[in-house]
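Novice: Dock chain B against chain A, hints included.
As they're listed, the protein sequences go chains A and B.
When we follow the UniProt record's numbering, the leftmost residue of the first sequence carries the number 1, and every step to the right adds one.
When we follow the UniProt record's numbering, the leftmost residue of the second sequence carries the number 1, and every step to the right adds one.
These are computed hints drawn from the structure, not numbers from a lab.
Hints may contain errors.
[What the hints assert, rightly or not] Below, a list of computed lysine-lysine pairs in the BS3-like style, where the Cα atoms sit at most 25 Å apart:
1) B:Lys443 / B:Lys354
2) B:Lys344 / B:Lys415
3) B:Lys415 / B:Lys395
4) B:Lys415 / A:Lys9
5) B:Lys395 / B:Lys437
6) B:Lys431 / B:Lys443
7) A:Lys9 / B:Lys622
8) B:Lys644 / B:Lys527
9) B:Lys410 / B:Lys395
10) A:Lys9 / B:Lys563
11) A:Lys9 / B:Lys390
12) A:Lys9 / B:Lys408
13) B:Lys395 / B:Lys408
14) B:Lys622 / B:Lys644
15) B:Lys563 / A:Lys17
16) B:Lys395 / A:Lys9
17) B:Lys641 / A:Lys17
18) B:Lys390 / B:Lys443
19) B:Lys461 / B:Lys344
20) B:Lys284 / B:Lys461
21) B:Lys344 / B:Lys332
22) B:Lys390 / B:Lys410
23) B:Lys390 / B:Lys344
Each chain is listed here by its residues.
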Amino acid sequence: MSSVREEGKDRIIFVTKEDHASPSSAELVEEDPNDPYEERGLILPSGEINWNCPCLGGMASGPCGTEFKDAFSCFHYSKEEVKGSDCLENFRAMQECMQRYPELYPQEDEKEQQQQQSSETKPTSQDSAETSENGWWRWLLSFYKTPASLWPTAP
Amino acid sequence: MLKCRTVWRTLAPLARTSSTVCRQNARRAGLNNGRLPACVPAAHMSTAPAGGGRENQLYVLLVGATCVGGAIYAYRTVKGDSQRYQDRIDEISSRPLKTFTEEPATPTQSEPPAAPSPAEPSPPAPDAEILAPIETADLPSVWIASTADEPAVEASPQEAAEPAAALIVEEGDASPASHKVSSHTPYLLIGGGTASFAAARSIRARDPGARVLIVTDELVPPYMRPPLSKELWFSDDPSVTETLRFKQWNGKERSIYFQPPSFYINAEELGSAENGGVAVLTGKKVVHMDVRGNKIKLDDDTEISYDKCLIATGGVPRNLQVIERAGEEVMKRTTLFRKVEDFKSLDKVSRNVKSITIIGGGFLGSELACALGRRSTESDLEVIQMYPEKGNMGKVLPEYLSNWTTEKVKKEGVKIISEALVKSVVSKDDKLEIQLKDGRLVKTDHIVAAVGLEPNVDLAKSAGLEVDSDFGGFRVNAELQARSNIWVAGDAACFYDIRLGRRRVEHHDHAVVSGRLAGENMTGANKPYWHQSMFWSDLGPDVGYEAIGIVDSSLPTVGVFAKATAKDTPKAATEESGTGIRSESETEHTASSPVASSAPSPTGVQHKDEYGKGVIFYLRDKVVVGIILWNVFNRMPIARKIIKDGEEHADLNEVAKLFNIHDD
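Okay, chain A solo, but in the shape it has when bound:
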């Protein structure tokens, strides 16, 4: 049983769980998937990689950003049977670069949490940029190491 109270210009409604059990009748405007103003996820509608995606953390902007972009682009557009197998050089260069900045790209062994991408907005990496970088590295490597049929769902 919901109760309503007015305090001047403010209205206060108390509701129980049952009050809110029925589905909402509020109408929301339909989303336009091609809205040019909207924030985008990792892959843009055109098929290109959104390097400014918050999900990438600082990977594309750091000192190894160029190497990262090269490696990831190569992987993304790779048409090989084992996707990314033609990008070994790029990945090697990226790894070399990252090893020069251990503070930024710590080579830890613990499992990192995967980046989950919602369809609309980007929840951020909960961790620092360093660990997210490392998580991505592992994620990319996992693509490299696993055969296509066993891929985790691409974010």
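Specialist: Relative to chain A, chain B alone:
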């Protein structure tokens, strides 16, 4: 001329009286003459003109004298005016001479350049002409004075265009420009805070190999501000003021610095770095901006030119006038809280004094009060918070919620003095005495003033940029542009929000969102501000909320609340949901759960006036323009969507259903 008139007026009656006297004399003379026999009439008639001639003559003489006198006076006035005018012109043209001679290095010019008297104008309008020379005369002296060892360019004070040309000539000769820092950068970011860093990241992501130079007057690289008034105070680490690291909800520590120093490259290497990079120039203040010439000048006289520039200068904490006027002793014991060093000094103070008073009841004041209140339980520190509103967050929360929040803050160990207007502050016997307007007196050891932020628009004048009179800050369009190659982001930007209208926002996530957007637009995206930023606040373990849009307590509100249970606290929320993203800050997760140490479940009666959790809608013309999620987390995308739609909803309870406030 007036004098002439008055002279004439005085003379005229005199003339009249003298003429009547003359006539009277003449009559008397006539009467005398009349006593003569017969020949008199004839003589009269003959002499009448003669006698009249005498008075006529006198009259004529008088009038003539007056005219001559008037003419002489007029001539002398005109002569004097034109002389005065000439004097003034000479004086003005001699002024640039003076500044030239003051500069030791500049060779002096012994005569006024090209005798710059404009064509002799008519005396009645000397003023308008004098104005023009003054303006143009000032310009060259300013520029030349500042680059002291430049050969003096013969800039005639007449032409306003000359100073700009003169400067460019000087540029070529400029030897004092620092050899160390490259004198040109494609991307220049003024200010080293959150917005600036977000822009740098955005630019680097979108423009491969971009060279980005950040110039900041702080001595440290970019860092995030929210932990300075929240997480850092709850840290168990005694060396936290040095490490500046805090624990996030998942136990992982991170630094307040966005990136460690190895992320950045040296400013000197920026020009030659193969893949570009981000360089931070610390401890340098931009004092002058030349929009026409696309360059800025630092406080050490270095000049740096740019292709594209971002102004992210943030702001400076406001102070109360009564404190500013109260003198050195009071100012010594007052903290204006904003930067890292303010956190360090306040931490130290809080360990060494017995009583701290926080003036201000908004976000910063309340957060600091809670943080210090927490500390007061461990030591015998007295924490007082005073503000003019009725309750904490009085300008943000509707009254019933503000009152409820105030009670919670009191539970954190804070002494609240509400409806308090400070009349004066004096220093007495090593203590501060705060006199309130209603007569109350508060004695304390230290004051923290959290009374707002003054946006830093120092560069507006030299750059010729518009400043907003309603909200303060630089006025920019919906794409954050001030000029075609100048953008403004963060606290200092007064921008046009397509949905919510023109506004200026002082929150962390807005700095991130607007900084990112500015960076995108600096690399050609041309996108308006569309993704609505959010903000959050925690006031102790029981009160936490996230908010989005315009959240102003003067707007009508509709609040939909569920009955609170022990599970509805920020801490509980983050512990339960595995991913526990407390706040949806886009690039850096900064919020963490308030400290785990003491986690009381809300004791107290759970009656229907307990605002445990719910949603509050802020309405403007029946459209929802702001939403607060009260102890309800991870629902920001829905709130963002409702604001973006901008629709009129007949029943907001139905809208509230979308949030599933009863679920966890």
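Novice: Determine for every hint whether it applies to the structure shown.
Specialist: We went through each hint and held it up to the structure:
The suggested pairing of Lys443 of chain B with Lys354 of chain B holds, with an alpha-carbon distance near 11 Å, which does not exceed 25 Å. At most 25 Å may separate the alpha-carbon atoms for a hinted pair to count; Lys344 of chain B and Lys415 of chain B meet this at roughly 24 Å. A threshold of 25 Å between alpha carbons decides the hint, and for Lys415 of chain B with Lys395 of chain B the separation of about 20 Å falls inside it, so the pair holds. Taking the CA atoms of Lys415 of chain B and Lys9 of chain A, the gap is about 29 Å. The hint is violated against a cut of 25 Å.
Taken as a hint, the Lys395 of chain B and Lys437 of chain B pair is honoured in the structure, with Cα atoms around 21 Å apart against an allowance of 25 Å. Note on Lys431 of chain B and Lys443 of chain B: the hinted pairing holds, with a Cα-Cα distance of about 7 Å set against a maximum of 25 Å. Using a Cα cut-off of 25 Å, the hinted pair Lys9 of chain A and Lys622 of chain B holds, with the two alpha carbons roughly 13 Å apart. Restraint check for Lys644 of chain B and Lys527 of chain B: the C-alpha separation of about 16 Å stays at or below 25 Å, so the hint holds.
Only pairs whose Cα atoms come within 25 Å are accepted, and Lys410 of chain B paired with Lys395 of chain B is accepted, the gap being roughly 18 Å. In summary, the hint linking Lys9 of chain A to Lys563 of chain B is supported, as the alpha carbons are separated by about 22 Å, within the 25 Å threshold. At most 25 Å may separate the alpha-carbon atoms for a hinted pair to count; Lys9 of chain A and Lys390 of chain B meet this at roughly 17 Å. Straight-line distance between C-alpha atoms of Lys9 of chain A and Lys408 of chain B comes to about 24 Å, which keeps the hinted pair within the 25 Å bound.
Our distance criterion of 25 Å between C-alpha atoms is met by Lys395 of chain B and Lys408 of chain B, whose separation comes to about 17 Å. In summary, the hint linking Lys622 of chain B to Lys644 of chain B is supported, as the alpha carbons are separated by about 14 Å, within the 25 Å threshold. Distance restraint check for Lys563 of chain B and Lys17 of chain A: the Cα-Cα separation of roughly 9 Å lies within the 25 Å cut-off, and the hinted pair is therefore satisfied. At most 25 Å may separate the alpha-carbon atoms for a hinted pair to count; Lys395 of chain B and Lys9 of chain A meet this at roughly 14 Å.
Using a Cα cut-off of 25 Å, the hinted pair Lys641 of chain B and Lys17 of chain A holds, with the two alpha carbons roughly 23 Å apart. With a C-alpha separation of about 21 Å, the suggested pair Lys390 of chain B and Lys443 of chain B falls inside the 25 Å cut-off, and the hint holds. For a cut-off of 25 Å, the pair hint linking Lys461 of chain B to Lys344 of chain B is broken: about 34 Å separates their Cα positions. For a cut-off of 25 Å, the pair hint linking Lys284 of chain B to Lys461 of chain B stands: about 19 Å separates their Cα positions.
Simply put, Lys344 of chain B and Lys332 of chain B have alpha-carbon atoms about 15 Å apart, close enough for the 25 Å limit, and the pair holds. The suggested pairing of Lys390 of chain B with Lys410 of chain B holds, with an alpha-carbon distance near 14 Å, which does not exceed 25 Å. Only pairs whose Cα atoms come within 25 Å are accepted, and Lys390 of chain B paired with Lys344 of chain B is rejected, the gap being roughly 31 Å.
Checked against the numbered hints above, the structure breaks hints 4, 19, 23 and satisfies the rest.
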